[in-house]
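Just so you know, the sequences run in chain order R and U.
The opening residue of the first sequence carries number 1 in my numbering; numbering runs sequentially from there.
The opening residue of the second sequence carries number 1 in my numbering; numbering runs sequentially from there.
Some hints here could point you the wrong way.
Output of the computed footprint for chain R on chain U, the stretches with three or more beta carbons under 8 Å from beta carbons of chain R [stated by the list, open to error]: (1) 32 to 42; (2) 45 to 56; (3) 102 to 112.
FYI, nobody ran anything at the bench for these hints, they're computed from the structure.
For glycine and all other residues, C-beta sits at the position ideal for the given N, C-alpha and C.
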Amino acid sequence: DTGVSQNPRHKITKRGQNVTFRCDPISEHNRLYWYRQTLGQGPEFLTYFQNEAQLEKSRLLSDRFSAERPKGSFSTLEIQRTEQGDSAMYLCASGTGSSYTGELFFGEGSRLTVL
Amino acid sequence: AQSVAQPEDQVNVAEGNPLTVKCTYSVSGNPYLFWYVQYPNRGLQFLLKYITGDNLVKGSYGFEAEFNKSQTSFHLKKPSALVSDSALYFCAVRIRAGGNNRLAFGKGNQVVVIP
Numbered sequence: 001d002t003g004v005s006q007n008p009r010h011k012i013t014k015r016g017q018n019v020t021f022r023c024d025p026i027s028e029h030n031r032l033y034w035y036r037q038t039l040g041q042g043p044e045f046l047t048y049f050q051n052e053a054q055l056e057k058s059r060l061l062s063d064r065f066s067a068e069r070p071k072g073s074f075s076t077l078e079i080q081r082t083e084q085g086d087s088a089m090y091l092c093a094s095g096t097g098s099s100y101t102g103e104l105f106f107g108e109g110s111r112l113t114v115l
Numbered sequence: 001a002q003s004v005a006q007p008e009d010q011v012n013v014a015e016g017n018p019l020t021v022k023c024t025y026s027v028s029g030n031p032y033l034f035w036y037v038q039y040p041n042r043g044l045q046f047l048l049k050y051i052t053g054d055n056l057v058k059g060s061y062g063f064e065a066e067f068n069k070s071q072t073s074f075h076l077k078k079p080s081a082l083v084s085d086s087a088l089y090f091c092a093v094r095i096r097a098g099g100n101n102r103l104a105f106g107k108g109n110q111v112v113v114i115p
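For reference, chain U alone in the conformation it holds in the complex (with noise of 0.2 Å):
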């Protein structure tokens, strides 16, 4: 089955300190992967997308994420993590079924900035 996973449940940095949040990958073809962010009492946002090319992407607010083939995953990171960052964050993979595609998210992460 095509899908995503991200292995932690809560990430805590401090204020300052690069933040990682890990997403590893399970499809089948070439990955269209994607990152998007929840706030408190917000829809999810957009934060940035791997088609092909490079694989470093840079996104919104300062975010970036490194696409691996080799170790399937795509890892989004922030060299200084902010107080504002703190939200829930999902990576999800285009599902292609019957000619149709969707989006398929892990169970996300909640960050925690610590001032």
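Okay, chain R solo, but in the shape it has when bound (with noise of 0.2 Å):
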């Protein structure tokens, strides 16, 4: 399967600690976002990297939360001292070129339920 990864599938954490969720995007895509979404909303978006930088980043990010993208391949979302309000599925989604004409590849996403 070629499509966006995304790890772990379901995260189960008690408030207070640290969750890492881990993005694959497909191969040669240099376009790199994260989207967080809760139960009847559409997805909101948290961050967009193209190749290693990150470009932008939403209000919604705290400074709880971090992303990467080390060397442009992968990337990894952190979110420090988890609270309940933080439990949603987040979702990855890849894309290429510079301009946003083409359409956006998402994974299944990670679902973090905070206790």
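Take the two lone chains, each set in its own frame, and fit them into one complex as the hints suggest.
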């Protein structure tokens, strides 16, 4: 399968713990996005990478959230000191090109449950 | 603010009947509009897009969408719905900020096709 891969698919953690999600985009895709989706809502933009550079971050991304994309390949999203409000599906998507006319390819998501 | 709105929460349609999922947009400049579909336990999949040109765009799985500038709408349509079309459908618009591009999604519409 050469699609976007996300791990783990489901993470249950206690409030205050740190969690990290990994996204492996489609190879040769230079653009990578993280979105968050809660029940009954559409995906909300969190952050965007072009190659290894993090070019945009949403105001939703508090200082407890950090994302990296070393070497412009896979990406990680870390949430420190998790809160119950962080419970959501975290989606990763990748695409090609520098301008936005093409489609994004989404992974199946990583579901976070904070107890 | 640039956004899309999907006014209905759920669309119920009998198998074989026409299916319409509504979307209106609010953007400055020329809109880049997209439809994505999310099947249960699957990642979002691209259906179609409008960038420029013909107002009627055709996409995957027999879906099409009509761009209407005067009504600021981009409704998704299928002439004859299948039970397998039951899924969550998201309208999205390209947001351009600071030279970067990303998608802003609507809240989604649950489509239920009744056998």
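To see whether the hints hold, each was checked on the structure:
1. 32 to 42: Answer holds; 5 residues pass the 8 Å Cβ test.
2. 45 to 56: Per the Cβ count (4), the hint holds.
3. 102 to 112: holds (count 7)
In this structure, every one of the numbered hints holds.
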